[in-house]
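*Asks:* Chains F and S, in that order, are what the protein sequence lines are. Residues in the first sequence are numbered from 706 upward in steps of one, following the numbering used here. Residues in the second sequence are numbered from 126 upward in steps of one, following the numbering used here.
Source of the hints: derived by calculation from the structure; they are not laboratory data. Cβ coordinates follow ideal geometry from the N, Cα and C atoms, glycine included. Take the hints with a grain of salt, since some may be wrong.
[Said to hold, decoys possible] Here are the simulated SDA-like pairs of lysine to any residue, each with C-alpha atoms no more than 25 angstroms apart in a straight line:
#, chain 1, residue 1, chain 2, residue 2
1, S, 368, F, 877
2, S, 236, F, 882
3, S, 356, F, 968
4, F, 985, S, 373
5, S, 368, F, 898
6, S, 141, F, 820
7, F, 890, S, 290
8, S, 368, F, 894
9, S, 236, F, 894
10, S, 358, F, 890
11, F, 985, S, 365
12, S, 344, F, 878
13, S, 356, F, 965
14, S, 127, F, 1005
15, S, 327, S, 194
16, S, 272, F, 978
17, F, 890, S, 288
18, S, 350, F, 965
19, S, 356, F, 820
20, F, 1012, S, 364
21, S, 227, F, 820
22, S, 236, S, 177
23, S, 141, F, 836
24, F, 1012, S, 365
25, F, 978, S, 141
26, S, 157, S, 272
27, F, 924, S, 290
28, S, 272, F, 877
29, S, 227, F, 1014
30, S, 145, F, 898
31, F, 985, S, 344
32, F, 900, S, 351
33, S, 148, S, 247
34, S, 358, F, 1013
[Claimed, not checked] Taking beta-carbon pairs under 10 angstroms as the criterion, some of the chain S residues facing chain F (in silico):
#, residue
35, 176
36, 303
37, 312
38, 315
39, 317
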Amino acid sequence: MTALVLAEHDNAELKPATLNAVTAASQLGGDVHVLVAGSGAQAVADAAARIAGVSVVLLADDASYGNRLAENIAPLIVSLAGDYDAIVAPTTTSGKNILPRVAAQLDVAQISDVMKVESADTFVRPIYAGNALATVQSTDSKKVMTVRGTGFPAAAATGGSAEIRTIAAAANPGNSRFVGAELAKSDRPELTAAKIIVSGGRGMGSSGAFSIIESLADKLGAAVGASRAAVDAGFISNDHQVGQTGKIVAPQLYIAVGISGAIQHLAGMKDSKVIVAINKDEEAPIFQIADYGLVADLFQAVPELEKAL
Amino acid sequence: MKILVPVKRVIDYNVKARVKADKTGVDLANVKMSMNPFDEIAVEEAIRKKEAGQAEEIIAVSIGPAQAQETLRTALAMGADRAILIQTDDIVEPLAVAKLLKAVVDAEQPKLVILGKQAIDDDSNQTGQMLAALLGWPQGTFASIVKVVGDGIEVTREVDGGLETVALTLPAIVTTDLRLNEPRYASLPNIMKAKKKQLDVKTAADYGVDISPRLKTLKVEEPAKRAGGIKVKTIEELVDKLKNEAGVI
Ligand SMILES: Cc1cc2nc3c(=O)[nH]c(=O)nc-3n(C[C@H](O)[C@H](O)[C@H](O)COP(=O)(O)OP(=O)(O)OC[C@H]3O[C@@H](n4cnc5c(N)ncnc54)[C@H](O)[C@@H]3O)c2cc1C
Ligand SMILES: Nc1ncnc2c1ncn2[C@@H]1O[C@H](COP(=O)(O)O)[C@@H](O)[C@H]1O
């Protein structure tokens, strides 16, 4: 039994989501290899080789992998799949984009967003916005799965010394081209890796008002999250959306401000260790899952909280 | 160009799913069902492309029970031209849906297929990418902008770090994200007109596709409930609890 984990990276840095995926892959009960497909990504391969529990790193370094286009990377993984019993990727937008393409080409059902590995062929995954958990057994000989970061502890980033094998690029179909990206730059921790998250909702009322969330977050060393309504209204960019169809987070502390608590939002944060809700409506559903609820006007409470810390 | 829009009938997004007592699945009896919200966005985008003179015909397709005809009628009322139901009472997994859609694509030859990024019942987020793989087409997933540029399309995608734009040759696959557009409501006259639009009913066997599932659902359970919390009266009390009771700051 050997599993291949698709590394999450940006050619320069290995992203922490890879570490959780390595843990999930190791729970399948065999060797774990990591694939780094990128351009100028030697440093990423070096970092992957240091992950505890990884025995081999495959490095496919080619210009066509520089932006991780699914059209180019899927054929590479398919060409390697013969040597593997399982292909694993973190549930990131990149993993979600690439892996189903691999599964279909292998004629295998993908198991999406695995939260728990019961055995090498049986997995727990959320359905209906996490209101139900399905235990599914795969009858395919190869397993192709994305894994939820919050379901698995991160493997140690150091301590390993895997062999790095350089592999050739696969033929690229030439039907897609990267045009550009507008990536958010921030000194705050990444949402999915943060210990504390302060999230704002529609109740913030404007993008200007979001600055009180940011200011509180900075005081706490926290990441900033948002509800869909806040993103739709243009208060903050899409990469902050927490929820069923956004990011799944489980920090030590999640502070929901001006967020009502729709099931789609809860789906993304209800596994947080401690939840605080600040909302002026005492009937807001968010209070049903909050450990500490404060019924208050956020424009008073948030600055006051920042001061009290 | 012709645009194909696959639409799925799912539990309405306002309804909280309840697990059946025997743990075999989720109780859908007497539950409000609707078109998957991401598919409404897909239908809307196709209509806008037609209104902009970039598409001639929009075909809505659904795979599901007889009642999925209602979902297709909704798509027709919004502005799709005709519809195809591949009728089955079985659970059809994304891989099998993709195979059926490939067969429809082979027959209809659309230039663009716009799907939702995710069905809010199975939360798979697979079908569009799988269809792209089976057809060997490029894919613009999680789209927030779709522009026809020359003889291809440019798709701006919502990704974990922000936004990214890719250029794709046609034919291509697009899957929708929430910010792509705001779907219209069907007007009453259009709902009446939709009743007369063509809706063909087929079976998986008509397309020669094997839809047997690859995953066995062993059980479906409710997640652990969070223990109820408390209301605090003041910020001082909140800070005290976070420091001394929860120990998280
Ligand atoms: C297909 C689909 C996918 C979705 N995916 C997601 C997702 O991933 N993530 C997500 O979050 N949502 C998602 N949603 C949307 C979800 O259903 C809700 O609409 C959304 O979460 C509501 O956001 P909100 O709580 O900020 O806004 P609202 O529900 O409008 O709540 C605003 C809250 O702010 C409070 N408030 C207002 N002013 C103040 C004040 N001055 N002080 C204190 N409190 C105040 C109000 O009392 C209210 O409770 C999705 C919906 C669909 C259909
Ligand atoms: N049974 C179905 N009938 C029609 N379209 C479907 C069906 N299942 C999935 N789709 C399409 O595929 C998208 C993604 O679904 P999924 O991969 O199941 O999350 C949906 O938004 C639909 O556009």
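*Asks:* Hints first: check each against the structure and report whether it holds.
*Replies:* Quick rundown of the hints versus the structure:
{"no.": "1", "hint": "S:368 to F:877", "in the structure": "violated (54 angstroms)"}
{"no.": "2", "hint": "S:236 to F:882", "in the structure": "holds (18 angstroms)"}
{"no.": "3", "hint": "S:356 to F:968", "in the structure": "holds (21 angstroms)"}
{"no.": "4", "hint": "F:985 to S:373", "in the structure": "holds (24 angstroms)"}
{"no.": "5", "hint": "S:368 to F:898", "in the structure": "holds (21 angstroms)"}
{"no.": "6", "hint": "S:141 to F:820", "in the structure": "holds (21 angstroms)"}
{"no.": "7", "hint": "F:890 to S:290", "in the structure": "holds (17 angstroms)"}
{"no.": "8", "hint": "S:368 to F:894", "in the structure": "holds (21 angstroms)"}
{"no.": "9", "hint": "S:236 to F:894", "in the structure": "violated (42 angstroms)"}
{"no.": "10", "hint": "S:358 to F:890", "in the structure": "violated (37 angstroms)"}
{"no.": "11", "hint": "F:985 to S:365", "in the structure": "holds (21 angstroms)"}
{"no.": "12", "hint": "S:344 to F:878", "in the structure": "violated (41 angstroms)"}
{"no.": "13", "hint": "S:356 to F:965", "in the structure": "holds (16 angstroms)"}
{"no.": "14", "hint": "S:127 to F:1005", "in the structure": "violated (54 angstroms)"}
{"no.": "15", "hint": "S:327 to S:194", "in the structure": "holds (12 angstroms)"}
{"no.": "16", "hint": "S:272 to F:978", "in the structure": "violated (42 angstroms)"}
{"no.": "17", "hint": "F:890 to S:288", "in the structure": "holds (12 angstroms)"}
{"no.": "18", "hint": "S:350 to F:965", "in the structure": "holds (19 angstroms)"}
{"no.": "19", "hint": "S:356 to F:820", "in the structure": "violated (31 angstroms)"}
{"no.": "20", "hint": "F:1012 to S:364", "in the structure": "holds (11 angstroms)"}
{"no.": "21", "hint": "S:227 to F:820", "in the structure": "violated (30 angstroms)"}
{"no.": "22", "hint": "S:236 to S:177", "in the structure": "holds (16 angstroms)"}
{"no.": "23", "hint": "S:141 to F:836", "in the structure": "holds (7 angstroms)"}
{"no.": "24", "hint": "F:1012 to S:365", "in the structure": "holds (14 angstroms)"}
{"no.": "25", "hint": "F:978 to S:141", "in the structure": "holds (23 angstroms)"}
{"no.": "26", "hint": "S:157 to S:272", "in the structure": "violated (35 angstroms)"}
{"no.": "27", "hint": "F:924 to S:290", "in the structure": "violated (34 angstroms)"}
{"no.": "28", "hint": "S:272 to F:877", "in the structure": "holds (24 angstroms)"}
{"no.": "29", "hint": "S:227 to F:1014", "in the structure": "violated (58 angstroms)"}
{"no.": "30", "hint": "S:145 to F:898", "in the structure": "violated (34 angstroms)"}
{"no.": "31", "hint": "F:985 to S:344", "in the structure": "violated (40 angstroms)"}
{"no.": "32", "hint": "F:900 to S:351", "in the structure": "holds (19 angstroms)"}
{"no.": "33", "hint": "S:148 to S:247", "in the structure": "holds (16 angstroms)"}
{"no.": "34", "hint": "S:358 to F:1013", "in the structure": "holds (14 angstroms)"}
{"no.": "35", "hint": "176", "in the structure": "violated (23 angstroms)"}
{"no.": "36", "hint": "303", "in the structure": "holds (6 angstroms)"}
{"no.": "37", "hint": "312", "in the structure": "violated (24 angstroms)"}
{"no.": "38", "hint": "315", "in the structure": "violated (25 angstroms)"}
{"no.": "39", "hint": "317", "in the structure": "violated (32 angstroms)"}
Of the hints listed earlier, those the structure fails to meet are numbers 1, 9, 10, 12, 14, 16, 19, 21, 26, 27, 29, 30, 31, 35, 37, 38, 39, in rising order.
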